[in-house]
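Engineer: Here's the letter readout for the chains.
2 protein chains.
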Amino acid sequence: MPHSTQILGISNAIVDILAHVDDAFIDAIGATKGAMNLIDETRAREIYERMGPATEMSGGSVANTVAGFANLGGAAAYIGHVHDDQLGEIFNHDMRSIGVDIRLEPSADGSPTARSYILITPDAQRTMNTYLGSCTELGTADVTHATVGTPKLVLLEGYVWDIAEGPALTRRAIEIARDTGAKVALSLSDRYCVQRHRAAFADAIRAGVDIVIADENEIIDLLEVDGFDAAVAALDATDTLYVMTRSEKGSVIVGGDEHVVQPATRVDNVVDTTGAGDAYTAGFLYGWAQDWPLAECTKLGTHCATQVIQQVGARIEPGLLDSY
Amino acid sequence: MPHSTQILGISNAIVDILAHVDDAFIDAIGATKGAMNLIDETRAREIYERMGPATEMSGGSVANTVAGFANLGGAAAYIGHVHDDQLGEIFNHDMRSIGVDIRLEPSADGSPTARSYILITPDAQRTMNTYLGSCTELGTADVTHATVGTPKLVLLEGYVWDIAEGPALTRRAIEIARDTGAKVALSLSDRYCVQRHRAAFADAIRAGVDIVIADENEIIDLLEVDGFDAAVAALDATDTLYVMTRSEKGSVIVGGDEHVVQPATRVDNVVDTTGAGDAYTAGFLYGWAQDWPLAECTKLGTHCATQVIQQVGARIEPGLLDSY
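Residue numbers (my numbering), protein chains in the order written: chain Z, 1465 to 1788; chain F, 1465 to 1788.
Just chain Z, with the same shape it has in the complex (with noise of 0.2 Å):
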């Protein structure tokens, strides 16, 4: 069957709210400095209500890199729950316009579209400070054979696991992936992500993910081994592809009799390190549904990380391919 849809991504759609700060507001909020933190509805508010004025875009890991995969030219598809709110039309609003499909209606009833609150320090790192508001009801009868449809990949989350139906729901993604033929994706999302699920993202892979994306310290985290080259020696015999992003470290890619090792692209101004992994997933998948050698998967990965490390905000721009 031909793939009307390269990629399909099931995320938490959030709207992000970003501002700057200085390190002793990170501090003040008791949030842990270049994670994301899950934060209830009452300590969203405290947070706003401390914040310095904010700009708002649509965000969420895997929603990014499908953004990003549709503004490489790719087809994408989107499955996300967001309320029927204003974020919720900002967050649907900017995906439809890029020509991602989007899979689900928004919500009428429930909690609020989820937000992100994104605190940028001058050091160009980000706290994300997230209420997952209307993600959290996201569920299994929400990933059908009809909002998945047959795409050449399915593309998971590990935050999806924070929500309550988040283990059955992937389970079923799984399942539907393999039912059509479609190739499955994790993106491991952060290294508290992964100790929080860690036993969960083996048994996925182990039923059915064919790539997994990881940034080195995720890796090392789900491999519970001393540091990177550990972890690439534990995957040594594995059939799964391992794609690994180390900032400025560059990229890995192992599995299969695949070995790819990708410097990174030096940068002396970088703004906003928000979305970078999420960039580079863009790139390397955008190339790997056109079949590219895994090289040039990583080449373009790179460059789109290079560039959305250089502006506010996580999403690459339309048209860099022109650039390329």
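The reader is advised that the hints may include incorrect statements.
Just so you know, same-sequence chains aren't split out, so a pair can sit in one copy or run between any two.
[As the list claims (entries may be wrong)] Straight-line C-alpha distance at most 25 Å; calculated SDA-like pairs for lysine to any residue:
id : residue 1 : residue 2
1  : LYS1497   : GLY1783
2  : LYS1497   : HIS1557
3  : LYS1647   : ALA1539
4  : LYS1713   : HIS1767
5  : LYS1497   : PRO1782
Don't read these hints as lab results, they were simulated from the structure.
No experiment lies behind these values; they were computed from the predicted model shown.
For chain Z, the structure is supplied; the task is to place chain F on it using the hints.
Structural biologist: Chain F in isolation, oriented as in the chain Z frame:
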């Protein structure tokens, strides 16, 4: 009486929805390039559906000036009408978070919070498409001694004349200012706004406006003269202070015995001219509120405008005076 509030702004409270477009897009939607185009809810939906991904941030002309004034360290208050929705929350948060005293609560009834679809073309011009929504419900009942208080300056926005009770509520604001000894400034908003309300603006200025803020086109259209020199000549005998900005030609202040000419600062990297005039006004009025000589007020105004055209977005950042 001491002025715990230096400036009180009364204006349309708007959230900006900013996107980059090409000139063909402006043609396709039939908007007047470089102008503020008033649109209804249906057209707002049409334009948004055709627009690419956007970024949201608080806006509004005089609201930007008030925010800039507060970011410079001045004591500011604000009267504007938002709905009790997510965009309204964003607008009020962004104002309050920099210390602006918000005088009206969000409305539970009526239209959603106003938004302006701001389309930035490659020449760094902005074309605004504004759905006034909740702003249209601002009324004379909202302008009282309690909500206005005793500021040193009441700053009115020309665009307020576009709403039903605008003429009456601005008249009321001028009366209250006269009662309390506050000065009144009027920002003419844009040349099309001047063309819509020329007679009403002239009446208001006669009735009690102490400072008129206008760009070159606005003052020419207000006075119905042939060019800027003719405008300056026509203002020779006035007691009202006219603060006139001329983009790269700098600014000119005329009124009473005053005649100040301030050159612009050369900028090679103009990113987005949105809010240049509003930022100038913030700097100028900040100096005025501290009783600086007018030549110093124009210098700070110029500095603020120079900053804001080198960024995307209309509001000047906190800490600008640190680098001044």
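Engineer: If you check each hint against the structure, which ones fail?
Structural biologist: As far as the earlier hints go, not one is violated by this structure.
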